[in-house]
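Chemist: Could you build all of it, start to finish, from the sequences and the hints given here?
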Amino acid sequence: MKKVFLNITFFILAGLSALAQTITVQKISPETLKKFNILGVEVVKSIQFTDKNGVNYIIATTEENTKDDYTTKKLWVEHFVESTGKAPKMLRQITDFERDCPVDNQLSLFADSFTVVDLDKNGFAEVLFLYKTGCKGDVSPSGLKLMVLENGNKAAMRGKMIIKEFKTPREMTPDTAFKSLPKAIQDKAIALWSKFEHEYE
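According to mature numbering (1 follows the signal peptide of the UniProt record, and there is no 0), the sequence shown holds residues -20 to -1, 1 to 181 in order.
Quick caveat, the hints were computed from the structure, so don't treat them as lab data.
Note that beta-carbon positions come from the ideal geometry of N, C-alpha and C, so glycine has one too.
Straight-line alpha carbon distances no greater than 27 Å define the calculated DSSO-like cross-link-like pairs of lysine-lysine that follow:
{"id": "1", "residue 1": "Lys168", "residue 2": "Lys147"}
{"id": "2", "residue 1": "Lys125", "residue 2": "Lys147"}
{"id": "3", "residue 1": "Lys175", "residue 2": "Lys147"}
{"id": "4", "residue 1": "Lys168", "residue 2": "Lys144"}
{"id": "5", "residue 1": "Lys47", "residue 2": "Lys112"}
{"id": "6", "residue 1": "Lys125", "residue 2": "Lys175"}
{"id": "7", "residue 1": "Lys163", "residue 2": "Lys134"}
{"id": "8", "residue 1": "Lys125", "residue 2": "Lys53"}
{"id": "9", "residue 1": "Lys53", "residue 2": "Lys7"}
{"id": "10", "residue 1": "Lys116", "residue 2": "Lys53"}
{"id": "11", "residue 1": "Lys159", "residue 2": "Lys175"}
{"id": "12", "residue 1": "Lys25", "residue 2": "Lys168"}
{"id": "13", "residue 1": "Lys125", "residue 2": "Lys112"}
{"id": "14", "residue 1": "Lys7", "residue 2": "Lys69"}
{"id": "15", "residue 1": "Lys101", "residue 2": "Lys168"}
{"id": "16", "residue 1": "Lys25", "residue 2": "Lys175"}
{"id": "17", "residue 1": "Lys15", "residue 2": "Lys54"}
{"id": "18", "residue 1": "Lys168", "residue 2": "Lys32"}
{"id": "19", "residue 1": "Lys53", "residue 2": "Lys134"}
{"id": "20", "residue 1": "Lys175", "residue 2": "Lys144"}
{"id": "21", "residue 1": "Lys147", "residue 2": "Lys116"}
{"id": "22", "residue 1": "Lys163", "residue 2": "Lys32"}
{"id": "23", "residue 1": "Lys159", "residue 2": "Lys112"}
{"id": "24", "residue 1": "Lys125", "residue 2": "Lys25"}
Pair by pair, the computed Cβ-Cβ distance ranges are:
{"id": "25", "residue 1": "Ser63", "residue 2": "Lys134", "range": "17 to 23 Å"}
{"id": "26", "residue 1": "Gln6", "residue 2": "Lys32", "range": "17 to 23 Å"}
{"id": "27", "residue 1": "Thr153", "residue 2": "Asp80", "range": "22 to 28 Å"}
{"id": "28", "residue 1": "Val35", "residue 2": "Arg138", "range": "29 to 35 Å"}
{"id": "29", "residue 1": "Pro10", "residue 2": "Lys54", "range": "20 to 26 Å"}
Modeler: Okay, structure coming up:
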């Protein structure tokens, strides 16, 4: 009888563990996007999901301007939360830019990199994504940045992309916040980095 009880307990805990890691993600509808008054920028990615904060919205946008053959690009990734009966409030904003680039402005988000999980099982989702940086007119590697957002906190890893033909070494430097993340989140981030770090492929 005790063995049966232990087995049932194990399966219940295993089920709860799997549930804690499963976050249902969907695209934000055009009607819902109107709440955020997005003007003059391109929406690259817009997703929503629910965790302990309520409904979460991730909106990634970019802007590009060219003057006298110099290109400036900017990007924003904004994390909003919405509780029942309340207007959305911004929990975190990531911004970056590449100004006055006379050659190829590399700043761009990897839209397919956006990943939502709850690997530390605390009820607050982790949002991971990557983007490319740099201004170059040659075949040198572009910069690469990975961000992890959770409940208003940010952790980051920065480095360069790999050009296989030139056997460029892997460069990835975690910040202090990243080093403090649970191993499961770090491992997920590194796996995601590996998926997007190869340039010209």
